[in-house]
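Full structure from sequences and hints, please.
Number of protein chains: 2
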Amino acid sequence: MRRQQLIDATIDSIAENGIGGTTMSTVTEIAGLSLGIVNFHFKSKQNLLEETLLFLAKEHHDQWLEAFENAGLSAPDKLLAIVDAHFHPQICTPKKLAVWFAFFGEAGRREVYRSLINDIDQERYDIALRLCSEIAEGGGYKDIPPRQVANILEALYDGIWLELLTYPENFQRSVARDHIATFLSKVYPDHFQMPAFNNGD
Amino acid sequence: MRRQQLIDATIDSIAENGIGGTTMSTVTEIAGLSLGIVNFHFKSKQNLLEETLLFLAKEHHDQWLEAFENAGLSAPDKLLAIVDAHFHPQICTPKKLAVWFAFFGEAGRREVYRSLINDIDQERYDIALRLCSEIAEGGGYKDIPPRQVANILEALYDGIWLELLTYPENFQRSVARDHIATFLSKVYPDHFQMPAFNNGD
DNA sequence: TGCCATTGATTGAACAATCATTCAATGGTA
DNA sequence: TACCATTGAATGATTGTTCAATCAATGGCA
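As you go down the protein sequences, you meet chains F and Y in turn.
In terms of our numbering, the first sequence opens at residue 1 and continues consecutively.
In terms of our numbering, the second sequence opens at residue 1 and continues consecutively.
Quick caveat, the hints were computed from the structure, so don't treat them as lab data.
Predicted model only: the values in this text are computed from it and were never measured.
One or more hints might be untrue.
Note: identical chains are not told apart, hence a pair may lie in one copy or across any two.
Stated by the list, open to error - Below, a list of computed lysine to any residue pairs in the SDA-like style, where the Cα atoms sit at most 20 Å apart:
hint: 1; residue 1: Lys58; residue 2: Arg3
hint: 2; residue 1: Lys96; residue 2: Arg109
hint: 3; residue 1: Lys95; residue 2: Leu35
hint: 4; residue 1: Lys95; residue 2: Gly108
hint: 5; residue 1: Lys142; residue 2: Ala196
hint: 6; residue 1: Lys186; residue 2: Pro145
hint: 7; residue 1: Lys45; residue 2: Ala67
hint: 8; residue 1: Lys45; residue 2: Gly21
hint: 9; residue 1: Lys142; residue 2: Asp178
What follows is the structure, encoded as structure tokens:
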């Protein structure tokens, strides 16, 4: 499909040139096609950008949903599966991280982009919140409201993504995952275990 | 000074239109000046953008350094002062957050921007790391390496900033601060106390 | 003081480059 | 042929930059 070919080229271009430096020429050159083709399959550049963001959002959604459903039955297993999905090799690549932050750095259009993916994000947040509530109730953890834990998790996803993007020279998905596992083991110590730390880091 | 006037206008314009939508016209219009003035005081648009980023970085630096030096003498006090500086009313405004993420969403120029503020960021990280080491040693906390705590803190700053930017309708600096205090109270329970949670959230 | 020359800041029209979009022409296929 | 996908030159709009002209402020001097 030409559409997917162009979306892939758009991801490449944004990762390399940013949204501002992404033009119809850069996209079609990467795709190996001619200039006019974008306005044929997508009706405008703005539409191409939105479809690209939607593609990434859906890809991420499918990833964590599948991990969630295939995980063990316990709430901690399911929560960790969602965490891991954020750092899955197909989702958490330097290129795709660059595109995510390119979109959310775009003030003025942020509302447009946000409305495109709000439902998807909300679904994940609600599930994570429910899992935290289950764990808190079952484990008798009363000092932190589940909502607080879910919020911190969301912030950690984004914050670690940004660190991976900013310092790609120490790009390590496993370290990212350990950060979150560390947090969970401190909040729900009977349900998550502290990862083992190798020397140095 | 005209330079500061133009930098302020640039912040306003980026917050409203994004970097892509920020032109010489939008900046000079907001500043109430004429078109050619930017190239007189700054030699190019790119230079204006870099000076704007530098201004924000220095402002942030001054903020946390002053808070750090004026804080209590204990390591926990000093660490919390640095945390608080991130959510100070002068630093953590919707406009300025928008500008930060606009810059770091700009792939292609990210290296340029990063090199501009790397030293400043490194200084803060080093101090936080040293404080964590002191606390860990003094308190006998052996299960988490201080570097791990410092890294998670950095990620939390960015992640919470992004949440504040994305969901400005629930913009509350105090909630942001509580998130980090919660984390610290779980990692170093004898040195930080869990914030009190009001009902609901 | 009154006058003029000099400097530096400011203006905005003009220019050249870039970009998204359009569309007539072409190619391929059933 | 009829239909759809594709091409790429042309168009019009926008943008960063340049620069000659204007303005304001200062200083020197009689």
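Against the structure shown, which of the earlier numbered hints fail to hold, in ascending order? 3, 7
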